[in-house]
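J.: One line per chain: the protein sequences are W and X, in this order.
My numbering puts the first residue of the first sequence at 14, with every later residue one more than the last.
My numbering puts the first residue of the second sequence at 53, with every later residue one more than the last.
Just so you know, these hints were derived from the structure itself, not from any lab.
Hints should not be assumed to be uniformly reliable.
Among the chain W residues that face chain X by a calculated CB cut under 7 Å, a handful are [unchecked claim]:
id, residue
1, Met14
2, Ala17
3, Ile39
4, Ile77
5, Val79
6, Pro96
7, Leu98
8, Thr99
9, Val122
10, Lys129
11, Phe146
12, Leu159
All C-beta atoms in this analysis are idealised placements derived from N, C-alpha and C, irrespective of residue type, glycine included.
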Amino acid sequence: MTTALFSIAGAVALLAAVMVVTSRRIVHAALWLVVALGAVAGCFGALHAEFVALVQILVYVGAIVVLVLFALMLTKAPTNPLPALTTRRSPFAAVVALVLALVLGSGVVLAFGNEKLKPVPDGSAEAVGTAVFRTWVLPFEVLSVLLLAALIGAIVLSQRSGKKGDD
Amino acid sequence: MPIVVPLLLAVALFCIGVYGVLARRNAITLLMSFELMLNAVNINLVAFDAWHVDGLATGQTLAVFVITIAAAEIGLGLAIVLLLFRGHGHVDADAARDLLEQDPVEKGVEQ
Chain W
14 MTTALFSIAG AVALLAAVMV VTSRRIVHAA LWLVVALGAV AGCFGALHAE FVALVQILVY
74 VGAIVVLVLF ALMLTKAPTN PLPALTTRRS PFAAVVALVL ALVLGSGVVL AFGNEKLKPV
134 PDGSAEAVGT AVFRTWVLPF EVLSVLLLAA LIGAIVLSQR SGKKGDD
Chain X
53 MPIVVPLLLA VALFCIGVYG VLARRNAITL LMSFELMLNA VNINLVAFDA WHVDGLATGQ
113 TLAVFVITIA AAEIGLGLAI VLLLFRGHGH VDADAARDLL EQDPVEKGVE Q
């Protein structure tokens, strides 16, 4: 049952990811990204990580994709198909990706080919919440500082640079 | 479920992201490909957490942390892309050579 759910969600994620990197309409690529990230959230759910699945939907689908769509709007991205969205060297990129997939895939199969996941009957949100606020509380605080730094960095970057030169 | 199923899915997603980073031209599509690669890492983390149950939920906690860092990264990345658009009028990652000003050659033509 879990394997079937995971396989369906994984197939949807793969298909949508291929559409993200090959679509000629940039807004369609952003919308396929929603499908890919949602399907990955389904994969997390099938692996009994329901907290990670919910965070994935909240942060990725809710915030990051909306941010990407806003950026597309602000950079006046055209909605018609653009053949120039992919460079002429895309066959070489495909070869690189295929070779990397072969190397990583064979390594994974050689290392973990016989291992099986133990079935976990109940959810794991309580364990994750306890771990975050007990074992991982220092990295959690460091992350909040990182987010603050990213916020300040984004504000500094988006200031008008022409006026600063005159000061 | 054999653990190679999620691991191979992660490998495939990561390589699709690599293809996107190498083959795409628009800087925003590059950022979308980064997100695909980070998701592949998250699938690995969650799968290994389900395999190696350590009582600390290490894999799932790190996956949540990676999602947080991805949010910070996409915020900064899009700020840089908008800066590029303001300076150059396009977001073509192949043609962008500097962030703030236009190329000296282009500038000389305009002035």
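J.: Does the nearest C-beta of chain X fall within a distance shorter than 7 Å of the C-beta of Ala17 of chain W?
T.: violated, 9 Å
J.: May I ask you to test the interface hint for Ile77 of chain W with respect to chain X, counting a Cβ-Cβ separation under 7 Å as satisfied?
T.: holds, 5 Å
J.: Grab the minimum C-beta distance from Met14 of chain W to chain X and call the hint holds if it beats 7 Å, violated otherwise.
T.: The hint is violated - Met14 of chain W has no Cβ within 7 Å of chain X, the shortest such distance being about 10 Å.
J.: Using Cβ atoms only, decide whether Ile39 of chain W comes closer than 7 Å to chain X, and label the hint accordingly.
T.: Result: holds, 6 Å to nearest chain X Cβ.
J.: Hint check: is the beta carbon of Lys129 of chain W less than 7 Å from a beta carbon of chain X?
T.: OK, holds: Lys129 of chain W within 7 Å of chain X, min 6 Å.
J.: Tell me if Val122 of chain W is really an interface residue toward chain X, meaning its C-beta lies closer than 7 Å to one of theirs.
T.: With Cβ-Cβ at 6 Å, under 7 Å, it holds.
J.: Min Cβ distance, Leu159 of chain W to chain X: is it shorter than 7 Å?
T.: holds, 6 Å
J.: Was the hint right that Val79 of chain W lines chain X, CB cutoff 7 Å?
T.: violated, 11 Å
J.: Does Phe146 of chain W meet its interface restraint, that is, does its C-beta lie within less than 7 Å of any C-beta in chain X?
T.: violated, 10 Å
J.: Checking hints one by one. Is Pro96 of chain W an interface residue toward chain X, by the C-beta closer than 7 Å rule?
T.: violated, 11 Å
J.: Would the hint on Leu98 of chain W be counted as holding, given a Cβ-Cβ threshold of 7 Å to chain X?
T.: It holds, given that the least Cβ distance between Leu98 of chain W and chain X is near 6 Å, below 7 Å.
J.: Against chain X, with CB atoms and a cut of 7 Å, does the hint on Thr99 of chain W hold up?
T.: With Cβ-Cβ at 5 Å, under 7 Å, it holds.
The structure fails to meet hints 1, 2, 5, 6, 11 from the earlier list, while all remaining hints are met.
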